[in-house]
Amino acid sequence: MNDVKDMASSTEALPGSMGASVEPHGSLASLVRPPEADGGGGSGSRAARSLAGLLLPVHGALRRFWYFWYPAARCPVPRPRAGQVGGRMGLLLQSFRRSPALHLGAFLVAMVGLGAILVPLLTPYGVDQIIPGARLQPPSLVHPFGTDALGRDMLTRVAYGAHLAAWTALLAVGISLACGLVLGSLAGYYSGWIDQLLSRGMDGWLALPGALVAVIIVARLGASLDNLILALGIMGVPAFYRMVRNTTLGARRMPYAEAAVALGATDARVMWRHVFPNILSPLVVLTTMRLGTVLLTGSSLSFIGLGAQPPAPEWGALLAAGRNHVDTAWWLALFPGLAVTATVVGLNLLGDGLRDLLDPMGARHGGWSEG
Amino acid sequence: MGYYLIRRLSGALITVLVVSFLAYVALTFAPGDAAEALIGENASADQIAALRSQMRLDLPLWQRYWEYISSALIHGDLGRSLVSGRGVGELLAERLPSTVLLALVSMAMATIVGLGVGLLAASRPGSKLDLAATAGTVLGLALPPYWVAMLLVMLFSLHLRWLPVFGSGTPAHLVLPSVTLAMPGAATVARLIRASVLEVKGSDFVRTALAKGLSPRRTLILHVLPNSLIPALTALGLNLSYLVGGAFVVETIFAWPGLGRLTVQAIFDRDVPVVMGAVLVVVPICLSVSLLVDLLHAALDPRVRHHAL
Amino acid sequence: MRAADRTVCGGTWWSMFERVAALLMMAAVVAGCATSQPTQPLSNTARPGESGGTLTRAMTAEPTSLDPQGAANSGLNLVLPYLFDTLVTRTRDGRFVGHLAESWQASADGRSIDFKLRSGVRFHDGTPLNAAAVAFTFDRFKKIGDKSPIAANIKEISRVEAVDDLTVRFSFDKPTATLWSTLAMPYAGILSPKAVEAAGDGFGSRPVGTGPFKMGEWQRGVGITLVRNPDYSWGPAEVDNKGPVKLDKLVFKVIPDANTQFSALQSGEVDVIFITEPTFLDRVKANSNLRLEPINLDSLIYLGYNCAKPPFDDVKVRQGLSHAVNKAEIVKTALGGFGIEAGTPLPPSLLGYDQSLSSFGQSYDPARVKALLSEAGFTQTSDGGWQKDGRKLSGRLLTSTRAPNDAIATVLQSQFKAVGVPVEIQQLDSAAVMKATTEGAFDLLLWRYDWNDPDALNIYLSSGRIRQTNRVFYSNAKVDALLKQAAEEMDQPKRASLYQDAQKIILAEAPWQPLYYPIEGMVLSSRVKGVKVGSLGRMLVNDVTVAGN
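Protein chains in written order, with our numbering: chain A, 1 to 371; chain B, 372 to 680; chain C, 681 to 1229.
A couple of the hints might just be wrong.
Covered, in the sense of this in silico footprint (three residues per stretch, anywhere, with C-beta under 8 Å from a C-beta of chain A), are these stretches of chain B [unchecked claim]:
no.	segment
1	609-615
2	619-630
3	633-642
4	657-667
Label pairs and their computed distance ranges (CB to CB) [stated by the list, open to error]:
no.	chain 1	residue 1	chain 2	residue 2	range
5	C	Glu-1119	B	Leu-384	37 to 45 Å
6	A	Leu-51	B	Ser-498	18 to 26 Å
7	C	Asp-1034	A	Ile-131	32 to 40 Å
8	A	Ala-262	B	Leu-432	48 to 56 Å
9	A	Trp-272	B	Leu-667	33 to 41 Å
10	A	Tyr-190	B	Ala-670	26 to 34 Å
11	A	Tyr-190	B	Leu-388	19 to 27 Å
12	A	Pro-120	C	Gln-1060	22 to 30 Å
13	B	Ser-498	A	Arg-253	36 to 44 Å
14	A	Arg-253	B	Leu-388	26 to 34 Å
For the record, the hints were derived by calculation from the structure and aren't laboratory data.
Note that the structure is predicted; figures quoted are calculated from it, not measured.
Glycine is no exception: its CB is placed at the ideal position from the N, C-alpha and C atoms.
Same shape as in the complex, but just chain A (with noise of 0.2 Å):
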């Protein structure tokens, strides 16, 4: 990782520099070269490896995303140096030393939602279903989180709660996104007295705390989860806005956007052509950051009340309904902490991993790509 912000801080800063760790797409000069010795667990013991053939298909998918977008970012391997493991995995292996967050990142949300996707599917009990005579077990074969006061078993809540997360996550940061997008765009390309109104709105938005935001807005509309999805999705729209905005400020005043216009292109083909591709890389960031914000503010909200409704399994009504229990019921507070905590941590290293990865300057829109 910290190689990384190295060599994003020299003079080369080509997106592609991170590459070099990178196989060309579609050469099969890889496959047929021959395994390097490996060196008895050089770099890493077997569990790393078996770790890496998991990560294998993520690696790979990240991989072809980068270099749809960014074609010139393919650049000759090097050969492996005496005492690495060569070939794929080596290469792997490398890239996960060069940014482990990423990697972590991406392993602990598959994790979750793995989890989500798969407990569902494998488990006998229903979400709401009320186990007759099993209130309050703790941990067992049976059930792996215990039950809660009402009987019911926990694993499957908190399975559940991950498809309530995902869910609200997405949606909010989905609405952020849109309107930061459009809103951002007009600004930044039209700028004058649209860029000023904007701006001042979205400053004073800023002004108020989020959180009392959200609790009037699901006050005013009554508690239930697709409010707070409304609430967290307007809560968020000024980072995207300024981020947007910004980004597109910068770009707009480009050559290459001038001469485009100078030339008669439409106001919308610039737009896309020249202005949104710098936008991409910072908005991937910003959004992956976003989601982990808003889980957690989310959850908060539904802590005290203000979320989806009983019986809704959501994380933090979990955790809430845990703390009454917290000295004779301890796993009713741990695991639903502990899914919240691991999906917010694996998408904030995602969030930091991709920004290494895709946007390493991070100056070109105003620093700090955080909401």
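Add chains B and C to chain A, keeping to what the hints say.
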């Protein structure tokens, strides 16, 4: 500089007006009004209607807002709470000192710890220390504050009996709430400081300064630190707005008599004057902090000083 | 990378960094240590021995004013009984006995009642309690007491006048049997006229009554401190110590979060809390320093139907759904056993309660559900649901965010699901629920009432109160007539039988399915001795002492 200030202050005034109007609209469209919330269960429709006209809740929206904002800004009269009848100014004045105390202590803690951890991590990038610090900051941002509060209370108040569970009054009461609130701020500051210090130390002007023979100590103080602090300052400024008005979950858990709790309770009671009063207090505080941060930014960075001001 | 640093920066720069960083970390640690004081005793209870110490109690919501005649919120009736006394009080078994009034005499036509006051009673400001003060209190109530929960009952009193120094006459247009319940409410506490006139609007912050405690300090947002009234010598019937209380101080601390209250009790920072959710029961049992005193309230939690909205306007649908409710399961699962199954709309402590009436209601019987729904014209579909005229039978259950409503609602939902009726839960805060019910925007309602008089049936189920306190839109002329008659019937047995007749009809027509009578739990630290429980769940502290550490 003068023109800049005038522009900022007039912009701030407009922002305050816009925000207060939006808040007023949002509040008064809430289902159920203060008259119903007040009388409660056992009242007849006539009683509620009578109370409503007594509270002047049956006037149109524009009129109510105009009456309110003109008396608030011109006469300094923030009205009376619809629930308790006490002056809003008095209510806010009761809560403000403890809120400010908690906010300042949290921010100080966040700054000190964040600076320390960030600088330590930046001093040995790539080492185990750096890894530990980074892991710490990642956790600090990801742990839900109410969960942390719960765990802290369990450990320090119930198990070790070192600190009180709730309330305010002594410095001991201040520790747990401010630690809970400072955690995300400290983590953010640490990350920002680390990133910007690393970035700055590799930049040309630092290299030039050292090459010119400036001692490392002076380089640190004159060049590296001022440039590194800027993003952290902005983050701290944003943090303050959260601490003053949005920390109601922590205030509820620790029974801290703060502004956030008062505001949230008033929102649920549909006590519009109190919420509006809180908005009219919190927004100018945050705007002035933002102005202060920008001025500090200018003080630290001559480029900004010449361009923006 | 590090090699590069060395050539550029020399060796000493990083140690400089480290020094600065270490300094800051040390500063943080020192600051942290300085503010935590490890060995302070945290309990509020001060001295052991003769003086009874300080009793600290947690309260969830702070009252906005301590004026008994103002708007009520949950904090108000916690504090009022210690500052003000009432003319009559209700004992725990439901009888009305005199407190400030020694005796009373009704006139022949029932239109006026003379109360004879106890002599020698003084207000906290030294002025004597006399008939003029009582008359002043109720005149003031009629003038400014619109926001009070008992405002409607006060309006039924047409005149209050002082006959002589210690005799007060209450006059009415028509006889009212609810007078004693009204006078026993803490809102009907007697105020000192001198103090009211002196304080004006500020009386709510400086209340003066005849109670066993005087007003001490009120730190807004933090707590209220009451101090002993040394001149007190007129304790109520149920306590042993009729003189001044043994406690020095009674402190109410504002702690809005239930968990924090419990933690504070465990750590010794408060001595008594009241729990309404059963979720804490396990923790109380696990802690040997705490003991639980269950308190039965004059309350009922019920499931109501919107009788104006199809298909719930059909009595067969209501009866059918009511048969699907398993009250034993609710009490066991959602309440942990902390409640009494209810078969009638009146709780056991009120006049007119009759256990045998529950046979008129709907007990748990899933077979009857099918039969009744079929009679109502519904047919069962292949997935177990019910439909009629193409419309599926389902409903929205509205309730407030107050615990343990979510647990009860969840259990109800699963019980209805078991008979094929999907129910969606909607939790709003109380004000929004009340608004929604007046507009009829619900199908099922999980709600409660707390009232100390069987006139509650009139308040909550008579057609005259539809869109106000009758939230279920129930209307039955015969019930209205019975309840009106009972409100004016002064003969107790006759009154009881009128309420029983009304309950028979109500239970048969099922606008409500009574669920349970709540039990409130008073959890005390073992240091507290001598607590007695009065009616309305009031904690009587006249005999209490709190042992110091």
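Which numbered hints does this structure break? The structure conflicts with no hint, since it agrees with every one listed earlier.
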